[in-house]
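Those protein sequences? They're chains U and E, same order as listed. No gaps in the numbering here: position 50 of the first sequence is 49 in numbering that gives the first Met the number 0, and each next residue is one more. No gaps in the numbering here: position 214 of the second sequence is 213 in numbering that gives the first Met the number 0, and each next residue is one more.
The hints are simulated quantities; they were obtained by calculation from the structure and are not laboratory data. Keep in mind that a hint or two might mislead.
It does not matter which identical chain is used: a pair holds within one copy or between any two.
[What the hints assert, rightly or not] Cut-off 25 angstroms, straight-line C-alpha distance, at most; resulting in silico cross-link-like pairs (SDA-like, lysine to any residue): (1) K200 - L75; (2) K138 - T206; (3) K167 - Q41; (4) K156 - T187; (5) K138 - S35.
One letter stands for each residue in the lines below.
2 protein chains.
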Amino acid sequence: MTAVLVVDDDTYLLRALRITLQAHGYDVVAAPDGRSALLAAQQQPPALVILDLGLPDMDGSAVIRKLRGWSSVPILVLSARHGSEDKVQALDAGADDYLTKPFGLDELLARLRALLRRSAEAEPPALITTEAFTVDLGKRRVLRDGQDIRLTPTEWKMLEVLVRNPEKLVTQQQLLSEVWGPAYAKETNYLRVYMAQLRRKLEPEATPRHLITEAGIGYRFLP
Amino acid sequence: MTAVLVVDDDTYLLRALRITLQAHGYDVVAAPDGRSALLAAQQQPPALVILDLGLPDMDGSAVIRKLRGWSSVPILVLSARHGSEDKVQALDAGADDYLTKPFGLDELLARLRALLRRSAEAEPPALITTEAFTVDLGKRRVLRDGQDIRLTPTEWKMLEVLVRNPEKLVTQQQLLSEVWGPAYAKETNYLRVYMAQLRRKLEPEATPRHLITEAGIGYRFLP
DNA sequence: GCCCGGCGTCAAGGATTCGTCAAGATCCCC
DNA sequence: GGGGATCTTGACGAATCCTTGACGCCGGGC
């Protein structure tokens with residue numbers, strides 16, 4: 000069943016959402032604040048997150064950014080504010096949709112279907128395997144000899160960009176702007192440091208076979 | 000550049016959108032009705048579609064369904080109606096987002112960014128094949144007997160210029176200015192050195208069959 | 001047959017870039 | 001606040017790449 004994580008401190012709204020969603024065949028997990036939401040998302044990864052911006056413990060955009068640090072689950076944001084600044088902020092933080100209260104439950108359900116449809120399309124190539132290691136893009140995990148390897152958020156993002164473009168040359172600027180942001184296009188130092196860490200964790204032999212460097216241009220992932 | 004197809008019969012709004020989008024680095028294609036929109040989407044596939052539901056010739060949801068018949072391009076719907084039925088209908092027809100007029104341009108841009116972020120798509124293959132080797136322009140790669148050949152940045156640029164002009168004569172000045180810059184138009188030495196390296200890496204036989212020199216003029220690539 | 005310009009070849013040097021390491025700085029959870 | 005993990009930053013040899021000059025070959029013109 001499709002699991003939906005609902006993050007809201009409004010007990011009444013939470014109840015209404017739970018009943019409606021369950022009636023439409025979704026599996027509902029609830030969290031009243033940002034911390035418990037992040038915890039719940041980690042312990043049982045949902046297919047979608049419905050997030051109220053007005054949380055008691057932390058800023059909504061902060062929750063989105065933290066979640067995006069290790070998950071690519073679709074996020075639908077709820078808010079009572081009509082101002083567009085909040086919307087822009089939330090969407091740029093990594094949210095996928097934004098709904099202003101009050102809203103119709105049928106609209107919520109329709110947007111939810113649209114988001115799930117999209118993420119289902121993007122799903123297929125979720126598992127990439129090489130002789131040395133296996134990358135699970137959906138679960139954000141890397142396995143090597145059955146053991147799962149611990150990667151830091153930055154290491155993961157970098158590996159993800161490379162793995163999503165198999166055999167393709169990824170430019171240094173492309174990597175830097177996707178992992179650190181467009182403003183870091185000159186910091187090729189970072190690439191060398193993190194590539195070394197990735198290789199130390201993933202490449203069994205001394206000479207890299209899957210994470211190849213193309214001198215002067217960028218890097219390339221070979222399955 | 001990112002191409003956006005804007006479908007709207009409101010001339011004023013169209014102008015505003017075109018100016019704003021172009022100012023943010025998007026390439027705008029406009030269509031005033033459903034028929035021309037579908038045609039335009041087919042002829043030059045955009046990275047995203049902004050669709051006004053109130054079209055003169057056909058129902059908005061019908062346009063979405065037709066488009067979805069052969070394309071998975073993200074669709075952002077605009078509408079003046081506040082009723083939720085239209086939203087549900089459009090979203091379930093295959094739209095990805097829905098914005099009610101009047102809306103803020105910064106919110107539109109933010110939603111647009113969120114949609115484009117989601118659709119990380121693959122580019123066309125762009126393969127050029129000869130008897131001896133295969134050039135993959137998209138992945139920036141050269142294959143020979145299944146093995147991939149390692150080229151330096153300069154070698155690659157030179158090969159790329161030649162391969163993008165198959166069977167055509169590329170003059171020395173053209174090559175030099177595209178690879179090294181216009182200031183190097185006299186350094187024909189470079190061409191000889193790098194052409195020799197390319198041939199050693201790509202041509203199986205002693206006499207070149209694909210990288211031909213036209214004495215006194217330039218070089219030519221034969222597939 | 002001789003001269004000469006354009007081309008292919010080679011190798012050395014100098015310039016860039018890369019891998020590596022380790023020491024701060026920063027963030028985050030307890 | 002304290003401690004651990006993570007992220008920056010700088011420096012250094014090592015590897016790679018680019019530039020440069022010299023040399024021989026070939027073909028056309030005289």
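Evaluation of the provided hints:
| no. | hint | result |
| --- | --- | --- |
| 1 | K200 - L75 | neither (35 angstroms within a copy, 42 angstroms between copies) |
| 2 | K138 - T206 | between (28 angstroms within a copy, 22 angstroms between copies) |
| 3 | K167 - Q41 | neither (30 angstroms within a copy, 27 angstroms between copies) |
| 4 | K156 - T187 | both (16 angstroms within a copy, 21 angstroms between copies) |
| 5 | K138 - S35 | within (19 angstroms within a copy, 42 angstroms between copies) |
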